[in-house]
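Participant: Protein chains in written order, with this note's numbering: chain A, 1 to 96; chain B, 1 to 492; chain C, 1 to 514.
Calculated from the structure, these hints are not laboratory results. Worth double-checking, as some hints may not be accurate.
[As the list claims (entries may be wrong)] What follows is a set of in silico ranges between Cβ atoms, one per label pair, in the way DEER data are often shown:
{"id": "1", "chain 1": "B", "residue 1": "N177", "chain 2": "A", "residue 2": "N25", "range": "53 to 63 Å"}
{"id": "2", "chain 1": "A", "residue 1": "G42", "chain 2": "C", "residue 2": "K295", "range": "48 to 58 Å"}
{"id": "3", "chain 1": "C", "residue 1": "G353", "chain 2": "B", "residue 2": "P257", "range": "21 to 31 Å"}
{"id": "4", "chain 1": "A", "residue 1": "Q23", "chain 2": "C", "residue 2": "G353", "range": "20 to 30 Å"}
[Claimed, not checked] Here are the simulated PhoX-like cross-link-like pairs (lysine-lysine), alpha carbons at most 20 Å apart as the crow flies:
{"id": "5", "chain 1": "B", "residue 1": "K457", "chain 2": "B", "residue 2": "K467"}
{"id": "6", "chain 1": "B", "residue 1": "K354", "chain 2": "B", "residue 2": "K391"}
{"id": "7", "chain 1": "A", "residue 1": "K10", "chain 2": "B", "residue 2": "K81"}
{"id": "8", "chain 1": "C", "residue 1": "K303", "chain 2": "C", "residue 2": "K254"}
{"id": "9", "chain 1": "C", "residue 1": "K406", "chain 2": "B", "residue 2": "K77"}
{"id": "10", "chain 1": "B", "residue 1": "K467", "chain 2": "B", "residue 2": "K439"}
Don't be surprised by glycine CBs; every beta carbon is placed ideally from N, CA and C.
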Amino acid sequence: MSISRADVVKVSLLARLQLTDEQLNEMTEQLGQIVGYVEQLGEVPTEGVQPMAHAIELRNAFAEDVAQASLSCGEALENAPHHSDEGYLVPAVLGD
Amino acid sequence: MSNAYTTVIGLEVHVQLATQSKLFCRCSTRFGAEPNTQTCPVCIGMPGTLPVMNREAFCLALKTAVALNCKIPEFTKWDRKQYYYPDLPKGYQISQFDLPMSENGYLEISDPKGSFEPKRVSIIRAHLEEDAGKSVHDEIAAKGDSLIDLNRTGTPLLEIVSEPDLRSSLEARIFLNELKLLLTYLGVSDCNMQEGSLRVDANVNLHVPTQGESVPTPIVEIKNMNSFRAVERALDYEAARQYQQWQETHQTLGNAPKQTRGWDEPAGVTRGQRSKEESSDYRYFPDPDLVPVTVTPDELEELRDSLGELPAALGRRLTEQHGLSQYDAQVLVNQGRPLVNYFLEVIELGTDSKAAANWVTQEVLRQLKDREETIEQFNVPPDALAELIAKIKSGDIPSTRGREVFEVMSGAGQTVAQAMDALAIAEVDLSDLSSLCEKLLATNPKIVADVQNGKLKAIGSLIGQAKKQNPNVTPDQVRETCLQMILSQGQQ
Amino acid sequence: MSLVHLTATEQKRLLSTGEISSLQLTETYLDRIATHDGRVGAFLRISADSARRRAQEIDARRRAGQPVGKLAGLPIAVKDVLCQRGERTTCGSRMLEEFCPPYSATVIEKLLAEDAVLIGRTNMDEFAMGGSTENSAFQQTHNPWDLQRTPGGSSGGSAACVAASMAPLSIGTDTGGSIRQPAAFCGVVGLKPTYGRVSRFGLVAFASSLDQVGPVAQTVEDAALLLEVIAGHDPRDETSLPEPVPAFSASVGKPLENLRLGVVPDHFAAGLDSEVEAAVRAAIETYAGMGATIKEIALPHAKYAVATYYVIAPSEASSNLARYDGVHYGYRTDEPAMLAELQAERKQLAAEGKQAAVEELDSALVRMYRRTRAEGFGPEVKRRIMLGTYALSAGYYDAYYLKALKVRRLIRQDFNRAFEEVDLIASPVTAAPAFRLGEMVNDPLAMYLVDLYTVSANLAGIPGISLPCGQTSAGLPIGLQLLAPALEEDRLLRGARMVEQATEWHTQRTPNLD
Chain A
1 MSISRADVVK
11 VSLLARLQLT
21 DEQLNEMTEQ
31 LGQIVGYVEQ
41 LGEVPTEGVQ
51 PMAHAIELRN
61 AFAEDVAQAS
71 LSCGEALENA
81 PHHSDEGYLV
91 PAVLGD
Chain B
1 MSNAYTTVIG
11 LEVHVQLATQ
21 SKLFCRCSTR
31 FGAEPNTQTC
41 PVCIGMPGTL
51 PVMNREAFCL
61 ALKTAVALNC
71 KIPEFTKWDR
81 KQYYYPDLPK
91 GYQISQFDLP
101 MSENGYLEIS
111 DPKGSFEPKR
121 VSIIRAHLEE
131 DAGKSVHDEI
141 AAKGDSLIDL
151 NRTGTPLLEI
161 VSEPDLRSSL
171 EARIFLNELK
181 LLLTYLGVSD
191 CNMQEGSLRV
201 DANVNLHVPT
211 QGESVPTPIV
221 EIKNMNSFRA
231 VERALDYEAA
241 RQYQQWQETH
251 QTLGNAPKQT
261 RGWDEPAGVT
271 RGQRSKEESS
281 DYRYFPDPDL
291 VPVTVTPDEL
301 EELRDSLGEL
311 PAALGRRLTE
321 QHGLSQYDAQ
331 VLVNQGRPLV
341 NYFLEVIELG
351 TDSKAAANWV
361 TQEVLRQLKD
371 REETIEQFNV
381 PPDALAELIA
391 KIKSGDIPST
401 RGREVFEVMS
411 GAGQTVAQAM
421 DALAIAEVDL
431 SDLSSLCEKL
441 LATNPKIVAD
451 VQNGKLKAIG
461 SLIGQAKKQN
471 PNVTPDQVRE
481 TCLQMILSQG
491 QQ
Chain C
1 MSLVHLTATE
11 QKRLLSTGEI
21 SSLQLTETYL
31 DRIATHDGRV
41 GAFLRISADS
51 ARRRAQEIDA
61 RRRAGQPVGK
71 LAGLPIAVKD
81 VLCQRGERTT
91 CGSRMLEEFC
101 PPYSATVIEK
111 LLAEDAVLIG
121 RTNMDEFAMG
131 GSTENSAFQQ
141 THNPWDLQRT
151 PGGSSGGSAA
161 CVAASMAPLS
171 IGTDTGGSIR
181 QPAAFCGVVG
191 LKPTYGRVSR
201 FGLVAFASSL
211 DQVGPVAQTV
221 EDAALLLEVI
231 AGHDPRDETS
241 LPEPVPAFSA
251 SVGKPLENLR
261 LGVVPDHFAA
271 GLDSEVEAAV
281 RAAIETYAGM
291 GATIKEIALP
301 HAKYAVATYY
311 VIAPSEASSN
321 LARYDGVHYG
331 YRTDEPAMLA
341 ELQAERKQLA
351 AEGKQAAVEE
361 LDSALVRMYR
371 RTRAEGFGPE
381 VKRRIMLGTY
391 ALSAGYYDAY
401 YLKALKVRRL
411 IRQDFNRAFE
421 EVDLIASPVT
431 AAPAFRLGEM
441 VNDPLAMYLV
451 DLYTVSANLA
461 GIPGISLPCG
471 QTSAGLPIGL
481 QLLAPALEED
491 RLLRGARMVE
501 QATEWHTQRT
511 PNLD
C-alpha cells in the first residue's frame, strides 16, 4: 500500500509544511516506500499485548508547589524573531 | 420555558486551580502580572525543556473529582493534544484523552423557588490539563499583528464536562452556582470569571416534538460568556434562535456540522465563528515526558476523609438537625463555611435556631454587606449575638429596640451591656415600675373599670403611655404589673 | 608521544600530579583542531577563549591545593544538541541557527561542576535525524579514517573529533544508534546508557522515549569515567531513574567471571559484510578464549525493530518539532515576502475565477508557519515529520503508532527472556563499515536499514556499547556491539573492557592525520 498524493497534501497542512509540487511528488514516493516497509508490523500477532509508550516503569513523579523566579520579560523575548517590548508578535489571528 | 421544544444543555467548565505555581514549572500563577513576566524556558516550550507535574495541582484536582462523586481509576496518564496556535508554544497542549483521572460523577441541583424538581446532573469527566497563553489583537499599537502573552501558559486547569442533562438556562445558572460553591468550599479555586479562573462553554441543541417523535437539532457550541448571568442570557437567546432556525431549515443533528458561536454581550446575540482550520485532528498520543500517576484506594479514602463537610451535606444538616427552612439553609451555606460556623456557634450557646437564623441571615448579613466586611472581620462575636437574642427574648431589651442595640454593637464594637448603656436601655427598677403603674391606674379609672369588668385587653392602651414615661419598660412588664394591681385592688 | 594520544584517564593522572597543566593540554588540542578540523569538519564552533580561561582557572585552583572535580582540566567536546546557557545551540539546523538558550542542560551543568573544559560544539545530523551527519545544515563532517566517507551519525562530529584526537572525550546522543554507529565507523568507544540513566533536561528532543545522552571516548575506561559524571537522577526530568550511580570508573577494570555471552544467529545472515562478520566473530572468540561461555539466543522480533523504530521515532519527533513555528524563538520566514506570496496567489486564483480556492487559501499565520518550517528544516527532518504526523493521524493511529508500541513491548520481552540465559549480548554494530559521502542520500529507506543492529536497544531502553574490534582491508574501523540488561552499565563496561584489553584496536590511530 502506498500513500496517495492527496493524503500527503493533507498531512503537509497538519504538519504545517509548505511543499512545492515537486517536493510533494518526491515525498509521496518516499513516504510510500517507507510506509510500505513499516506495514510489515501488521503481520505481528499482538493480541493482549500492552502498548509500551515509555521505556521505564516509573510512576508518580511530582514537584512541590513552590513558586520560583521567572525569566524577565526581556530574557523571555530575547530569542523571539519578532516582538514588541511586551510580547511576541505574529500576523493577526482573526476571531480573537 | 417553551412547550414547542425542549432545550438540551451540556456545560464544559474550565477551573483554574489555586496553586502557587504552574502545572509543569515553578512560575507563579498570580493574576495581573505584566505580560511575559511569568514565564520560563519550560512554559515557553524552549527546546530541551521538560514538564514535571505539580503535586498540589493533582491533589486539588483529585479533591474536586471526589467531591463531584466521580469514579477515580487507579491509573491515569497525560496525552498531547496537538494543534498550532501562537498562544500554544509547544504546538501541543498537555491534557488527558482516554484515561482521565476521573469520570462518571454528579452534582445535585435544586431550585428553592421550585421551578424544577431537584435533579442530579451527571459529570462525564473531570481531567487535569495546562492552560494556553493569550493573544491580543491590537490594530493601533501592534499594527495589525497579534500580541502574544504567555503568562497564562501552563496554569493548571481542571476541565469538568457535564452530560447534556440541563433543560433550561436557569438550571444551567444554578448548576454553575452549585459548582462554584463546591469549589469555594474545597478551596481549590478562586472561581473568578472576571479574572478568568473559571470559564464556561455550553453545548446546546433542541429536541422538537415533530409528528409524535422528538427530533434533535444540530448541536451548537457557545463560547465567550463572561459571567453566570451571561450564560443564562446566551442560552435563552440561543434556544430562541435555534427554534427559529429549525422552523426555517428543519436541519437535524447529524446532517449539519457542529457550529461554534460566540456570545456578544453588548449586542445580546450569538454570532457564528469562522473556524477555518481543518476540523481538528488532534493526533492525541501519550506524552512520553510524563510518567503515569497511580492512586491507591487507601489514598482515596484518606482524601475523602479530609474533604470536610461540603455544601450539600451542610445544607442538609441545617435543615434536618436544626430545623431551618431550606431557604434559610441555602442562604447560610451560600455565604460560605465561616458564616455557617458563626451561626452554629450562636445556636451552640443555646439560642433558638429560628431566631438565630433570622438574625444571621438578615441583620448580620446586612451589616456585612453595608460594611463590606467578611464574617471574620465582623465586630459582633457569636456569644455577643447569642446574648443579645437572649436579652430580647427575656425582655431585658425591648424587642423593638433590638436592632438599635445590634447596630451600636456592630458599629462601635461594643458589648451588649455597653450598647444598652449607650442607648440608656436599662432593666427597669421594680419600684419604679410599681410607682409608674400606680400612677397610670390612678389617671385611667375607666380602663381600670373595664379590666375589672372582664375586658383584660383594655390594659393595652396603658402600654403606650407607660413607654412614653419610661422607654425601658416592656409591654409585658406593664401589662402584668398593672393587671396584678387591678386584681388585687379588686380584692380589696 | 603526543599528549593527544594519551587516554583521558592517563591525562587525568598527569594533571593531578602537576606534570602537565590543563592550559597546556587545552592548547595542544586547540592546535590539533586548528591543524586538522579544516579537513574533518567535526566542530561547528570552537570556544578557544573560554576554554583557555577555564583551563587556567582550574590550574590555579589545583595549584592552590583546592579540590577539583573528576574531569578537572580535561577538554570535552559536546554535540550541538545540548543547551548551554549563553552558547548557541543549533542542533545542526537553520531553525536554531541563532538560538541562544537562557539555561543549560543538566548534563552540561554536571560536566562544569566536575571542572571539565568545554572546548567546542560538534556537528550533527539536523535534530539528530540521520546516520551520516550529511543532514547537517551547516557543514559536512568527514570520517578521519577516510575523508571521502561519512563518520556516521547523528553524533558524527563527536565521534570524529575523538577519532582524530581533537578531544579526549566527547558527548553524543543516541536515539536509534546515533552514538554507537558513528563510534563504530570512527573506531572509537561509544556508549548509550539505560534509558533514564542520564537526564534529558536540556537535551533538545528528537524522540522522547528513545533519546539518551552518552559518552564517546578512546577507551572503555574513559567512557566509564565520563558516564559516571553525567549519570544520575534529575528532578527536572520525570523519566530520570532514581537509582544511584555506581562508581563505574573504579570497577571497569575488573573482568567478568563466568561470563555468558549471547549471540543471535540471525544477526549473521546474508547482507552482513564478510570482513565485519570476521572481525565480530573474532572478538567473540576472544571472549571464549578468556573463559566465557558463548550461547546462541533468539530475539524473534528483532527483524521488526527497524519498522517499529521508524514509526515511533518519527511520531514522537513530529510532536517534539511542532514547537518550531517561528513565533517564540528560532527562525522565522521573511514576513513581507510571505505576505506578498499570499497576495499573488490570491490574485492569481481570483483571476482564474476559482473563488472556492481563494476561500481555502492559507491565512497569513498558517502560511507563516508553513514557510518557516519549510525553510528552517532540511529534507530528512521534513520527511520524518510527515511520516510521524501521518502515523498519528486519525484513522492511522491504531494501525501504525499503537501497533508499533505493542511490537516494542514484544521486543523488550525478547531481551528479558534472553537475559535470563546470558549476561551480555554481542553483535555487529552495522552491517558494513563507513559508507561514502553521498552514497545513501537518495535512498532514505536504505539509510534507515543501517540502524538494524542498534535500534532494538533504544526501543527496549537497555544500555549498549560500541567498541573497535577490527579493521577492513581498506583500513576502515569495525565495531563490536555489546548489550546489557537495564541498569547494568557496570557489567557492560567491564565486559567491553575485557576484549579491549585483550586486543590492540583501541590504540590504532587514524593514518591520514598523523
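Participant: Now tell me if each hint is right for this structure.
Facilitator: Results for each hint:
Distance hint for N177/B and N25/A: a CB-CB separation of about 60 Å, consistent with the stated range 53 to 63 Å. At about 32 Å, the CB distance of G42/A to K295/C disagrees with the hint of 48 to 58 Å. A hinted range of 21 to 31 Å for the beta carbons of G353/C and P257/B is consistent with their spacing of about 26 Å. Between Q23/A and G353/C the CB atoms are about 27 Å apart, so this pair conforms to the stated range of 20 to 30 Å.
With a C-alpha separation of about 17 Å, the suggested pair K457/B and K467/B falls inside the 20 Å cut-off, and the hint holds. The straight-line distance between the Cα atoms of K354/B and K391/B is roughly 16 Å, inside the 20 Å bound, and the hint therefore holds. Distance check on the hinted pair: K10/A and K81/B sit about 18 Å apart at the alpha-carbon level, within 20 Å; holds. For the given pair, K303/C sits about 34 Å from K254/C by alpha-carbon distance, which is inconsistent with the 20 Å threshold.
At roughly 17 Å between alpha-carbon atoms, K406/C and K77/B fall within 20 Å of each other, so this suggested pair holds. For the proposed pair K467/B and K439/B, the alpha carbon gap of about 13 Å is at most 20 Å, so the pair holds.
Going through the hint list in order, the structure does not satisfy hints 2 and 8.
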